[in-house]
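Fit chain D to the known structure of chain V by using the hints.
Residue-level listing of the chains:
Protein chains: 2
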Amino acid sequence: MANRVETALEDAVARAESGAAPPLLSAAVRHAVFSGGARVRPLLCLAIAQACGDDDPALADAAATAIELLHCASLVHDDLPCFDNAATRRGRPSVHALYGAPLAVLAGDALIVMAFDSLARAAGASPTRLPRLLTTITTGVGMPGGIVAGQAWESEPSPLVEAYHGAKTGALFVAATMSGAITAGADPHPWRALGEKLGAAYQVADDLADAVLTEADLGKPTGQDQAHGRPSLVTELGLEGAFQRLQCLVGEAVESIPPCQGAEPLRELVRMQATRLAPKHLARSAA
Amino acid sequence: MANRVETALEDAVARAESGAAPPLLSAAVRHAVFSGGARVRPLLCLAIAQACGDDDPALADAAATAIELLHCASLVHDDLPCFDNAATRRGRPSVHALYGAPLAVLAGDALIVMAFDSLARAAGASPTRLPRLLTTITTGVGMPGGIVAGQAWESEPSPLVEAYHGAKTGALFVAATMSGAITAGADPHPWRALGEKLGAAYQVADDLADAVLTEADLGKPTGQDQAHGRPSLVTELGLEGAFQRLQCLVGEAVESIPPCQGAEPLRELVRMQATRLAPKHLARSAA
Chain V
1 MANRVETALE DAVARAESGA APPLLSAAVR HAVFSGGARV RPLLCLAIAQ
51 ACGDDDPALA DAAATAIELL HCASLVHDDL PCFDNAATRR GRPSVHALYG
101 APLAVLAGDA LIVMAFDSLA RAAGASPTRL PRLLTTITTG VGMPGGIVAG
151 QAWESEPSPL VEAYHGAKTG ALFVAATMSG AITAGADPHP WRALGEKLGA
201 AYQVADDLAD AVLTEADLGK PTGQDQAHGR PSLVTELGLE GAFQRLQCLV
251 GEAVESIPPC QGAEPLRELV RMQATRLAPK HLARSAA
Chain D
1 MANRVETALE DAVARAESGA APPLLSAAVR HAVFSGGARV RPLLCLAIAQ
51 ACGDDDPALA DAAATAIELL HCASLVHDDL PCFDNAATRR GRPSVHALYG
101 APLAVLAGDA LIVMAFDSLA RAAGASPTRL PRLLTTITTG VGMPGGIVAG
151 QAWESEPSPL VEAYHGAKTG ALFVAATMSG AITAGADPHP WRALGEKLGA
201 AYQVADDLAD AVLTEADLGK PTGQDQAHGR PSLVTELGLE GAFQRLQCLV
251 GEAVESIPPC QGAEPLRELV RMQATRLAPK HLARSAA
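As given, the protein sequences belong to chains V and D, one line each in that order. Sequential numbering of the first sequence, starting at 1, is according to my numbering. Sequential numbering of the second sequence, starting at 1, is according to my numbering.
So that you can see chain V by itself, here it is in the shape it has in the complex:
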């Protein structure tokens, strides 16, 4: 499954680089996409497509690709000097650190366009699935409640904390689970809860990692929530409370998986991914 994701991403990036593409923009896009990401969201999307029968694998690959390209776009823009001003990401220089802010803005823009381009090019076999697939993904990314809106809450004088967390992390997980189902011709609504629970679990894991890990552990600057005065589950619940919330959300995610032909391997995958979520020394101290 990991091979399917990497191959589909490579195809999308190669198509963008073809012809007379500006070389530095091509390099910036390639750096943004191939920098050791865990591919959590596209693997989730494909796992659900498979659990639902995966009768149009090209469309499933395209949905997984689109979800990951949009995630990469959000990371490139979040790292910009006007946001986190992060010089590193996954232990490597961030896109703006390597190519400058103008090309980082444009690489993010290009990645967003590439995501929708990938969906359109794969829709030949099932064109009637495309409109719903597109709106499911635009809902997870755009306004009023997608990841762009989630990031924008950080510029509000009085952010709605629940809307902020749901939009910043949950929305793209929901898009990943629901779009996986749509690509296989299944009803997406029973898959919303899995996306919501996993998104919430990742938000807690992210807040934990930012609070307890060092830049050397994580490959990017930590302590950012406190530094920028952002809402954090660790501030709200304490370290132990946040860790318990994480365990609870993973359990609820596993429970939420609806009846389908591939339910058992999917439960196993969610449990396995979840063990990677908690910062290791925190998991040890809680055990």
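Possibly wrong hints are sitting among the right ones.
[As the list claims (entries may be wrong)] Below, a sample of chain V positions facing chain D; criterion: calculated Cβ distance under 10 Å:
(1) Leu98
(2) Tyr99
(3) Ala104
(4) Ala110
(5) Ala120
(6) Pro131
The hints are simulated quantities; they were obtained by calculation from the structure and are not laboratory data. Virtual Cβ for every residue (Gly too), placed ideally from N, Cα, C.
Frame of chain V, contents of chain D only:
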């Protein structure tokens, strides 16, 4: 036709603002879309849909909307401090001047997503037209040769001038003409030349305006090509030569219109738009 464009844009912005959208992001997006733009590209898109029979007006409106939202996104990002650092646009404060760089980056991102969302929501009646409509528009906007690539050429040490001009201005005009035809179920290829010629004419007009007008005339900073050392047709051909090139391109655009039921009113529209292109006192001195 202008009413159709404004109504469709208002619907798209209202949908983005609905629910729990962050208020400042909503305000930034609204400011970006409703700031006195001439709507040249969406009107061209609709004119060609009408010339081809306009049998799915909702899809034509969505294509026009998408083209204009993507144009607005490119203006918001081009004005950012890391690019032109323009404090004004059409005589009003630019988005980043009013809302700051973070919300300007995010408003541009949101506008790109809104464009594809509008297309998906309007595809109910003609879903088989959607894939080609999408790839026509992604080609005009993304990599390797759309407006994002066009802007990126300005960060290259040795820009390919032809690729730069074609991508920066021509690509979105080609997307406008070809997508207009696609929404009406017509073959888009005969409409490529009209987009290319008009795009080239706008590029010359833009270079002329930047060279000869003042900020008070144009509502945004001028003299930017010279200040940033960017390729300009005025530098290459001189003022008189650039003006002659403009007249020639408009003539070729009118000639390129393929046989169709609405050819004559479309020729009239192109001629009329063209008279608005040349800076007025230059047109007078050439007459």
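Verification of the hints:
Contact between V:Leu98 and chain D, as hinted, is not supported at the beta carbon level, the nearest pair being about 12 Å apart and thus beyond 10 Å. Hint status for V:Tyr99 relative to chain D: holds, with the closest Cβ pair at about 8 Å, below 10 Å. At about 9 Å, the closest approach between the beta carbon of V:Ala104 and any beta carbon in chain D falls short of 10 Å, and the interface hint on this residue holds. With a cut of 10 Å, the hint placing V:Ala110 at the interface with chain D holds, because the nearest CB-to-CB distance is about 5 Å.
At its closest, the beta carbon of V:Ala120 sits 4 Å from a beta carbon of chain D; the interface hint therefore holds under the 10 Å criterion. Hint on V:Pro131 holds. Least Cβ distance to chain D is approximately 5 Å, under the 10 Å limit.
In summary, the structure is inconsistent with hint 1 from the numbered list given earlier, while agreeing with all the others.
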